[in-house]
Amino acid sequence: MSSRRSITFILLMVVVGLNLRPAMSSVAPLLTRLQESAGLSATAAGLLTTLPVLFLGLSAPLAPALAKRIGSERALSAALILLAAGLILRGLPLPGVLFVGSAMAGGAIGIGGTLLPALVKRELPQSADLLTGLYTMALCLGGALGAGFSVPLTQLLGSWQASLMSWALLALFALVLWHFQMPRSLQSNTPNPPKSGLLRLLKQPLTWHVMLFMGIQSSMAYIVFGWLPTLLVARGYNEADAGWTMAVSIMCQLASALGAPWLARLGRDQRPALLLVLFSTAAGLWMLLIAPLIWKWPGAALLGIGQGGSFSLALSLLVLRTANSRLAGQLSGLVQGGGYTLAALGPFGVGVMLQSGANISHIAWLLITLLTVCCGFALLAGRNQRLDDQSGGLLVERITRSY
Numbered sequence: 001m002s003s004r005r006s007i008t009f010i011l012l013m014v015v016v017g018l019n020l021r022p023a024m025s026s027v028a029p030l031l032t033r034l035q036e037s038a039g040l041s042a043t044a045a046g047l048l049t050t051l052p053v054l055f056l057g058l059s060a061p062l063a064p065a066l067a068k069r070i071g072s073e074r075a076l077s078a079a080l081i082l083l084a085a086g087l088i089l090r091g092l093p094l095p096g097v098l099f100v101g102s103a104m105a106g107g108a109i110g111i112g113g114t115l116l117p118a119l120v121k122r123e124l125p126q127s128a129d130l131l132t133g134l135y136t137m138a139l140c141l142g143g144a145l146g147a148g149f150s151v152p153l154t155q156l157l158g159s160w161q162a163s164l165m166s167w168a169l170l171a172l173f174a175l176v177l178w179h180f181q182m183p184r185s186l187q188s189n190t191p192n193p194p195k196s197g198l199l200r201l202l203k204q205p206l207t208w209h210v211m212l213f214m215g216i217q218s219s220m221a222y223i224v225f226g227w228l229p230t231l232l233v234a235r236g237y238n239e240a241d242a243g244w245t246m247a248v249s250i251m252c253q254l255a256s257a258l259g260a261p262w263l264a265r266l267g268r269d270q271r272p273a274l275l276l277v278l279f280s281t282a283a284g285l286w287m288l289l290i291a292p293l294i295w296k297w298p299g300a301a302l303l304g305i306g307q308g309g310s311f312s313l314a315l316s317l318l319v320l321r322t323a324n325s326r327l328a329g330q331l332s333g334l335v336q337g338g339g340y341t342l343a344a345l346g347p348f349g350v351g352v353m354l355q356s357g358a359n360i361s362h363i364a365w366l367l368i369t370l371l372t373v374c375c376g377f378a379l380l381a382g383r384n385q386r387l388d389d390q391s392g393g394l395l396v397e398r399i400t401r402s403y
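In this note's numbering, the protein residues as written are 1 to 403.
Since the hints were derived computationally from the structure, they do not count as laboratory data. Quick caveat: nothing in here was measured; it's all calculated off a predicted structure. Any given hint might turn out to be false.
Quick list of simulated restraints, FRET-style, between CB atoms [to be verified]:
1) 125 to 272: 22 to 28 Å
2) 267 to 35: 43 to 49 Å
3) 355 to 247: 23 to 29 Å
4) 272 to 349: 28 to 34 Å
5) 99 to 352: 32 to 38 Å
6) 126 to 162: 43 to 49 Å
Where is the CB? At the ideal position from N, CA and C, for every residue including glycine.
Please construct the entire structure, taking both the sequences and the accompanying hints into account.
Written as structure tokens, this is what we have:
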């Protein structure tokens with residue numbers, strides 16, 4: 001029974017994970033059509049791509065409170081309902097709903113993405129880091145599907161509105177599966193665990209180390225997702241090459257998202273793996289944006305390997321740095337909330353730099369500098385420490401092995 005429960009949960013986790021990126025990735029390939037048909041200015045188009053990330057960050061800290069009130073399982077069902085509603089709303093022929101629906105979808109993704117790591121910690125605590133890699137691979141695959149099928153769906157269904165709305169079907173499918181097969185809590189009638197409180201978490205340096213690592217690496221991801229094709233075209237790539245380069249990078253994320261947690265288990269802690277994926281990201285950016293154009297394919301591969309691995313390890317830290325599923329949920333809310341809010345500034349900042357006339361190499365070196373700063377937080381967040389509240393208060397304890 002336990003084995004069947006675990007397999008069911010893993011399958012549900014993958015299906016839900018597939019839904020947590022298409023809402024964002026499906027818009028970027030259609031931005032030119034949106035600007036032409038909906039009359040969006042460049043600023044409005046930039047706002048449209050930033051809103052989901054911003055609301056993802058703003059909603060993530062609300063997830064633990066929602067889970068405490070109605071249960072993690074029902075909270076995730078509510079997030080899928082909100083996601084489907086937002087995806088449908090943004091395709092309706094009404095003024096402003098494109099932005100409102102995008103914000104709703106981002107909020108739903110923030111809640112769902114915060115709840116899943118805590119559920120993973122609860123269901124399979126001994127393999128939480130490896131399962132987080134599988135979950136991250138599902139996120140990357142969902143993002144690739146959204147980017148790859150948006151234009152074909154527009155041609156098939158006859159309009160960009162129908163294309164954007166069609167992703168609600170995937171969310172509704174996940175909702176039905178989750179509602180009827182979701183795992184029920186096995187917690188017995190034990191005394192209430194000590195309350196750590198979000199303020200106590202914020203007072204711990206470890207929380208900030210993980211949050212800032214999450215924020216900087218996520219900012220890199222959304223900068224690449226939103227601006228890489230534009231930057232490559234400015235370097236001299238044609239649009240087709242820029243698109244294929246982006247596709248190769250995304251596909252490489254799938255392998256590294258799954259493999260990075262396994263790599264992290266080879267060392268005494270996660271610091272070597274974190275530094276390796278950040279170096280891979282920096283090398284990929286250098287090859288694509290500074291080095292001769294002949295390096296584009298190795299650059300795309302290294303960038304994808306680095307970014308998929310960085311995101312996978314960032315999510316793994318949420319379960320490795322906490323002693324129980326409740327703390328994992330609270331840390332997930334704070335880290336993803338603060339991290340994604342910080343990440344939303346990245347694409348906007350690159351847009352401002354391009355508007356002010358910055359050249360591609362200057363932008364590339366700035367991004368590499370930010371990755372160097374991120375290495376510092378990786379060295380701090382990757383140590384074998386974890387937050388624990390079993391002593392009646394919140395503390396950071398050093399552990400000899402976290403898995």
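Now for the hints, and whether the structure bears them out:
1. Residue 125 and residue 272 have their C-beta atoms about 24 Å apart, which keeps the hinted 22 to 28 Å range intact.
2. Separation of residue 267 from residue 35 is about 47 Å and conforms to the stated range, judged on CB atoms against 43 to 49 Å.
3. Between residue 355 and residue 247 the C-beta distance comes to about 27 Å, which sits within the given range of 23 to 29 Å.
4. One distance hint, 28 to 34 Å for the beta-carbon pair residue 272 and residue 349, holds here, with the actual separation near 30 Å.
5. With their beta carbons about 20 Å apart, residue 99 and residue 352 fall outside the hinted range of 32 to 38 Å.
6. A hinted range of 43 to 49 Å holds for the C-beta pair residue 126 and residue 162, which are about 45 Å apart.
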